[in-house]
Amino acid sequence: MIIMETNQIMIFSGAILLIATFGIVTRRGFADWLGAYRYQSIVLAAVTALIAYVTGIWEIYIAAGLTLVIKSIIIPKVLLYVTRNLEIEFKVETNPYVSLRASVIISAFLVALSYFLTQQIPFKSDQIVSTYLPISIALFLIGLFVIVNRRSALNQVVGLLIIENGLFLFTLTLTHGVSLIIEMGIFADILIGIIISSILLLRISRTFDSLDVGKLQNLRDD
Amino acid sequence: MLWDPHWLTIMISNLALFQIPILLFLVGALSGLLSRNSRLARPMTFVPAMIGSIFTIIFSIDIITGTSLKLTIPHMLPFFNVEIFVDGISAFFILIIGIVSFAVSLYSIGYSKEYETKKRISIFGFLFNIFILSMILVVSSNNAFYFLIFWELMSLVSFFLVIYDHDKEENLKSGITYLVMTHFGTALIFVSFLLGYIQTGSFSFDSLRESSASFPWLVKNLVFVFAFIGFGVKAGIVPLHTWLPHAHPSAPSNVSALMSAVMIKMGIYGMVRTVFDFSGFGASPDFAWWGVLMVAVGSISSVSGVLYAVIERDIKRALAYSSIENIGIILIGLGLSVIFAAYHLVALSVLAFIASMYHTINHAIFKGLLFMGAGSVVYATHSKNIEDLGGIIKQMPWTTLLFLIGAASIVGLPPFNGFVSEWLTLQAFLSSYQIPSAILQISIAFAILPFALTIGIASATFVRLFGITFLSRARNRHALNIKEVPRSMIIGMAVLAAACILLGILASLGISLISSAFHLPSQPSSPLDGIMLQNNAKNAVHLSMPFVLILFSAMAVGAFGFIRTIGGKTGKTTYGTWDCGVGNLNEKMEYTATSLSQPIRAVFKVFFKPHNITSKELFVSTNQYLIKSIKFNSITKNIFEESLYQPIISSTLRVLDKIRRIQTGKINSYLLYIMITAVLLLLFVRLSH
Amino acid sequence: MELADIFSGSNRAILALLLTPAMGAVLVTVARQKRISEIVTISTAFLILIQVFFIVSKIISEKTITAFGNTFYIDSFGAIILLPISIVGLVSAMYSVNYMGRQYDNGMIDMKHITRYYQGLNVFLLTMLIVPIANNMGIMWVTVEATTLVSVLLIMLYFKQNAIESAWKYLIIATVGLSFALIGITFFYYANINVENSSDAMNWTEMMHNSKLFDPNLVKIAFIFILIGFGTKAGLAPMHTWLPDAHSEAPTPVSALLSGVLLNCAFYCIVRFHIISSSTIGPAFSSQLLIILAVISVGIAAASIYFQKDMKRMLAFSSVEHMGVISLGIGFGGLLGVYGALLQIINHAIVKPMMFFASGTITQKYETKAISKITGLIKVMPATGVLFLIGGLALVGMPPFNIFLSEFLILGAGLKSGQFLATSLVIIFLVITFAVFLRHVIRMVFGNPFPEIKKGSMGRLAIIPVAILGSLVFILGVYIPEQLQTLVHNASAIINQGGST
Amino acid sequence: MPSIAEIVIGIVQSLFIIAFSPLMVGIMNKTKARTQKRIGSSVFQPYYDIIKLVRKDEVISDQSSWIFRSSPWINFVAIGTAVFFIPVFLSYSPFGLVGDILLVIGLFALARFFTMLAGLDVSSSFGGFGVSRDMMMSMLLEPALFLTIFVVSLTYGGSNISGIVAASANSSLVSHPQLLFAMIAMFVITLGETGRLPFGNSSTHLELTMIHEAMVLEYSGKSLALIEWSSAIKQLILLSLIINIFVPWGISSSVSAPLLTAGLLVFIVKVSLLAISIAFLESRVARWRLFRLPDLIAMAIASSMIGVVFFYL
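Residue numbers (our numbering), protein chains in the order written: chain A, 2 to 223; chain B, 58 to 746; chain C, 1475 to 1975; chain D, 8 to 320.
Since the hints were made in silico from the structure, they are not lab data. Any given hint could turn out to be false.
[To be verified] Each computed SDA-like pair below joins lysine to any residue, with the alpha-carbon atoms no more than 20 Å apart:
| # | chain 1 | residue 1 | chain 2 | residue 2 |
| --- | --- | --- | --- | --- |
| 1 | B | 230 | B | 703 |
| 2 | C | 1853 | B | 90 |
| 3 | B | 225 | C | 1853 |
| 4 | B | 230 | C | 1673 |
| 5 | B | 666 | D | 299 |
Whole structure, please, built from the sequences with the hints as guidance.
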């Protein structure tokens, strides 16, 4: 009986996670999507805690805590800090390749795709996997799509972040956090990656005085 | 045989005989490289090369008359052992290499003097020695892998020699063309060997020899086709010849001599190996088409080669084109031999084979001689354009005489060697009626037309080349006040000229050499004998040059005596050439090389597509008839480059241009590629599930 | 584990190997002086080389080494990756002295950069050293990701527009790609714990042990993710797009490391999982994928080289081509193919840095990377010119240089395994590459230099590293020592244990 | 090995050709003169010319070299040597053991090679255009001749003239239709090789009509005599080849006085008839334009090609 409920909860939480992701996809301005991301991270932390509760592996609580701390507090702080003295127009996604409205639809397609792709994977009737695996893949694909779609370098970072959340959920789902050291390593890598990319952002904005990756086309072969 | 070198092998085993020349060439290379001092450099590089060549000749003759040499050095590299196997076939080609390289290295002592001032002679000597060495190793290696290594080494070194004057842009261009085309050829050879490897599971030629007979029909044909095209590139068959007329003139003349005389024969070597040694050429009519292909390609090569040669103004390029022609003749012989063998006409096959090999060694000799002669002309006049030359005979009598001998031989005049090989080839043609297949008979009968045409045009070519270059009077300052080339160069040429006459008069010497090298069923006879072909029941054909010479001298004596007796002694007065009473003929009024070949251009306008540009300069524009000066320019097209190579190259480049544009510089598109690839692959797996 | 057995046998060796570059980085940071950092880096690289040689000889004798439980695991295959890392590491450390020294003297960079550069170099070496010896796939992934970050930092050394642009592209694309790889790894892990839930299910040895029982579909999907992921890092088309930018904009010694070593490390990861997947579902699947990507890579490289205007970009694209050839060899499989691929890994790791060093010297001499502006090298700087020519000839697979052998083996394997279409396509592409690549090289080496270029070489330190590699290029072309042969042989046995096509 | 008698006969018949050849030229000139309603010079005029010429001093161009001086001799010797392989009134020549018809062609080529060089050696435009025209002609005539020979030797087996003539002596044209085509070709070739109309007119020195003469324009005295004579010999060789290959009847097949004399007489009659007919033809046709001549030769080539096909049918 209780299992039933947890199932529903899990599916429900997954849905919320997806909605949060759509929220990020639709956000145009930097502050907006950062907020959305913070919201998504909190949901993710909750999901992590849920998984910890279901599997009863205590390390995962640590992971959840870390997620909460790093993703919903540190990373937004870092980003805000490094981009504090960027002009505002750099921070807004002016014209993505696909309009944000259409991109929501595409994201929906991607969710469907991920469900379609993950069907052949044997779940061994593992409720967690069967619930969160497609969602994590979907997060991953959506994040990828966001990077592809956006023109502003700053707004490509958000794609990275979504991908990273997807990865986190994915590894958590499949490994049940057994290899926590590695999770830590992944965290560290992502964190450094974000920092480096934001340093790069500064460099770009200084040398190209724009964050439009369309400007980054000196190195090409035609 | 007349000369029997076994007295030598009593002292030295043939392995040592093989190692000595290699060591000598290496010594020559290194000492050349180390000798900073230019005056010493020339002897230090070329003298070892000469001695090495002598030993090479001895070695090859020893192999031909004795037993073949085989040795293996394992474990240098994984999978491949260094396998050396020198049998008669290799020895025959090694002999060619030895003879020519001896003459050329002798010649080079004098010739390379002019490079002392401008260039690093030491590098040249190094490359020169390595070049000869690589050719020797190519023919003696018995393993596909090492064969290709030496083959590519040969190409590489010759490439460096071609671009030795890399200050000139066109030399670089021709060098690159050469390197690329020869590499293309190598790729095909590689594929052909690999096909063999797939069948046998070993890269050693032995396995090909043993088991190639059991290959499937298709594989045999593929092996042949790939090898034929691949080696054909090096041999310069039309239409894969385009590198040759550019590369050979660009190289220094002594190198062009080596390349044209010896290196392109490596292609012939490869074909002989592939067709007659392995690839399981079963003597059955389903392989007759190999021969037909060879004859067809040979005919095309010979005719188009000689047609380009006859209108060419650059003396070295004309010689290069004539190399293409002669390769064609050699191929015709080989092809006939294959056809005859396919129908079990052993005797005829042997005849055609002998003819072709005879022409191979002949061409090596006289083309080496001619290129050295051209080199001497360039050495003296610093001009390759025959329109600038003329009257050289007066200042350079020796070069002229030797070049004339070369020309007479290549045209195929009795009593020089060219005549013998062409005579043999024609005899093979004349015997073609014994093939039991009407369609083949007729097609071969039609193939004699291009062959005969080739012989005809060849004589025109060399009349023009020799006459314009050496005779009458100097056409401009290039040919004025020049002097005869150094003695070493003349001796170098004289060696080959002597060989021309020797092989022309003592024909059966050459024939018995060939037949003992290739173990052919024909009894070696005393070199003074004539050739006797009992190629059909009715009557035998004879050719005995010594007797012809006797008749010659008899006629000469008789005629002279007769004329003197009735005519008595009469005086000679020298006077100006008849000028129709106008007076002061000058070099401007001489017939030029271009106008000399004008009728030929007109007759073969289909091939040359000539068009003339005449630009007049008038005194007054209103009056067309008062012409101050008139400029005439006759241009011929190269149909192969224009209608075959240009389209291929341009279309390839267009495709490449399309492909490389994916590097747009947009990070978004880059990520899109990744995404698409991932999704496609995943869908593929999912749907295949 | 006990403190005692940390310092026991193999653990000590591994620990020493990893501590050397770490100490180097620390010392450089402490010293903050040009001369000292140079000496420190060279000596660390040298020590690494020696230790690697010890380890490799140990591997040759006893096949495998494990350390710290099963966290570290070296077999012949890993050893083959280790060798180039150590060699190229040392040589580029030596080359850096001259190259960065000149940049410093020209005032392009200041002391801060120098320190940062040498720190980066040491850490870079450290991360790359961990990749082929890590048994735990998670650690492997983390270190690969770390290499990306370090190399991005090294590329960002200058404030030049192009450097920043390429760094950005490199960072984003590589990170995205590696996240694919992580998914793949996790899938494999999942497949493993589905079979048997053990604590070190993340270890390659464990996976290999259970691989027969894995779920085929899972393995297929997993391998695709792995291929895309590490393929991006290894520069397989069409994920190669970051490579020409990053490799051409990095400081030359770093370009050498990126092209010569880092690509191998990434490809090493692919092969590890190729082994597992072929033991699960047979090699056909992964081989086909490898071959497809390989053919695309070689073709795109051939196309891009012809129109190339920038010397270093040209070299980068030739790296794409060679990675293609390597994966072709693995894809064709069989003793010949794998053997050839492994030799190709070593050979490419020797030739490409050589070319990059030479091109760096040339760039500093001519003050341009534009191919059209560089002519007559042989007259301006004979030694470098000749070495550059040798490298170019080796790169296009001209005997008697080393790459000829490996490409010969690979193509042979191709025909033997019946992949006629792929082989013939690749042969065509290789001939095209030969033509277009050599055309550029020959035009650069020969001909007449522009009058404003004054003759004279760039000092001994610029030539020695190139000469060392050049001699290796020639030697390995004509003679391969017995030990190396056995090593490569064992490695190919390991790769083929999944069975071959 | 041939008997002494045969060898003697062989030498005799070759000397006969050499001696008899100027008379042929005389006969032809006489015929032409007659057809043109002229008395014309005596048939022995060529002999007088030769004797006169050999007595005269020579004038040699100061531009010329030893090539120019030696060329007439080489010419004469080469063609004179070729004579030895031609059966005249004995159906085989003992010198068939030395060479065959290909050697004859080779010797002709040798002669022509040096004539051309001599033409170029004196730096006059006459020599130049003479050579360039002769180049074109010979370049085409040589293959034509080869093909004709090919047909003949296919028919009679082998390229040994003695064998051919012997074989043809006891067979007839009718049984070998391909020989008709060969004969047409051979006839055209003969006209071309001897520079007869419509190819060239040996009796003028207009620069438009000259081909052969232009090359030898500079010659005088002994050299000129040799050149005239050797061209006469060449002409007779070709004529006797036509006769002995295609209409060999009457030729003696063995060494016996009556047969030989009969053979000799028949030969003289046949060859004179042929010469006269050629002369008649020459007075009928006009000279063709230079660039139409290749068509004529092509016709010859084509007809021998048809001959080949006929042989195999």
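So, going through the hints one by one against the coordinates:
| no. | hint | in the structure |
| --- | --- | --- |
| 1 | B:230 - B:703 | holds (15 Å) |
| 2 | C:1853 - B:90 | holds (17 Å) |
| 3 | B:225 - C:1853 | holds (14 Å) |
| 4 | B:230 - C:1673 | violated (65 Å) |
| 5 | B:666 - D:299 | holds (19 Å) |
Hint compliance for this structure: hint 4 is the single one not met.
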